[in-house]
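Protein chains: 2
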Amino acid sequence: MAITLYHYWRSSASWRVRWGLELKKIPHQKIAVDLLTSAEKQKEYLEKNPSGYVPCLVVDAHPPLAESLAILEWLEENYPEPSFFQGDSFERALIRRLAETVNSGIQPLQNLDVTRKLSEDKTKQAEWIQHWVIRGLGVYEAILREAGRDRTKFSVSDQPTLADLCLIPQVYSAHRFQVDMKYFPRCQAIYEAALATPECAAARPEAFQPKA
Amino acid sequence: MAITLYHYWRSSASWRVRWGLELKKIPHQKIAVDLLTSAEKQKEYLEKNPSGYVPCLVVDAHPPLAESLAILEWLEENYPEPSFFQGDSFERALIRRLAETVNSGIQPLQNLDVTRKLSEDKTKQAEWIQHWVIRGLGVYEAILREAGRDRTKFSVSDQPTLADLCLIPQVYSAHRFQVDMKYFPRCQAIYEAALATPECAAARPEAFQPKA
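Just so you know, the sequences run in chain order A and B.
Reminder that position 158 of the first sequence reads as 158 in this note's numbering, one-by-one numbering, no gaps.
So this note's numbering is basically just the index in the second sequence, starting at one, shifted up by 1000.
Keep in mind the hints are simulated off the structure, nothing from the lab.
Errors might be hidden in some of the hints.
Claimed, not checked - Calculated lysine-lysine pairs in the DSBU-like style (CA-CA distance at most 35 Å, straight line):
#1 Lys1024/B x Lys24/A
#2 Lys122/A x Lys1024/B
#3 Lys1117/B x Lys124/A
Chain A with its partners taken away, still in its complex shape (with noise of 0.2 Å):
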C-alpha cells in the first residue's frame, strides 16, 4: 500500500499518528500542511479533509481518512502488530476511555480555531488554555489510581498503547502552554519514559520543524 500521512510539526493529533505508524514500522510517506499560513484552509487540503484538520491518511487511491482514532484505529486493524491495545475487552476500554480523556475531554478547547475564536488576547487563551489541560490532565491521573496502575512504565503497562499515543502529544503541549508539570507526576513520568523510546522521539514536533 502506498501512504501518505499529511501532518503539521505541532500539532498534537499529528504526532499521535506519526507514532503509530512508527510503532508499527509501515512505510509511508509525510506531506506538511503549513497552519500558520492556512493550508488547511486551502481547497485542495480540504478537498481531502473537509474539517480543515490535520491529520489526514491517504491510502492509495481510497477515499482519505481523517480524525486521529479513527486512523489509528484503522491501522490496527490493517496492521495489528504490535497493537495499540492489550488485554480484554474491559482494558480495551480503559485504553480508549484514556484516550478520550485527552481526544474529547483536552484537545479540541486548545485547538487553534476554538482558541482565536474565544480571543484575540494571548494571555486570555492561554489562562483558557491551561484550565482545560490542567482539568484534563487531573482527571486521566485520577483515572491511572483507580485502574491501579500507579507504577507502570506507560499509561496501563510497560507498553505505549493509544492511550500514551494521546498522552504524551498533550503533556508536550501542557510544557509548551506553561502548565507545572509536578502536579501531574505520573503523566510527567509516562513522558519521559516515552521520549526516551526511538519511535515515539522519532514522530516528535522537533523533528518535523521547519527550518528558520
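Place chain B on chain A using the hints.
Okay, now just chain B, sitting in the frame of chain A:
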C-alpha cells in the same frame, strides 16, 4: 451481566449510549445523574467517573466504563449484533471519522462546563454553541457528500451506525440552540428517519425528562 447506565436525560453523550443499548437489546437499569443539582460533581459519582461527565456504565463488579465512544466500542465487542459498524476497514474508518466529527469536533465545545467557563452571558453562550454546531454539521455533510452518501436513510447506509448514534443527539442540540437546520438538509433528514425508529425514540431525552 448486570449492567447499569448512569446518565442525564438531556446529555447528548448519554443519548448515544441509551440508543446503543436499545439497538442491541441489552437488558440494563438506568440511574439518573442530575446535572442541574451538580450530582455529577459529588463524591459518589466522581468515584465512578472522575471526569464528572455522563454517561458511565457499570458492569457487574468491573471498574466503571466511561467516555461514550469507549462504552459503545465495548458494547460492540461484547454484543456484536446488530453491529454499530458495517463494511471493510475503510468503511469503519469513515464511520468512526463521522462519529469523531461530532464527539471531538462539536460536543466538547457545547459542554455545560465549557460554556459556563466561557461566559455567564446566555447570549454569548448561544452564539458560541451555534458557531461550532454550524461548523461541525457543515463538515459532517461535506464528508457524506465526498463519500457519495447522498441518499442513504442513515449517515452511511440504510442502517444506523456509530456515526448516527453521535449525529442524532447533536441535531437535537442544534434545534435546542436554534440552529437553522435548513442549511443541513441531510443531517435533518437522517434525524427525522432515526426518530421514526422505535429504538432511537425510546432513547430520546423526553422519555427521561423528570416530571415538573
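Do the hints match the structure? See the list:
1. Lys1024/B x Lys24/A: 34 Å, holds
2. Lys122/A x Lys1024/B: Violated, at roughly 48 Å.
3. Lys1117/B x Lys124/A: 12 Å, holds
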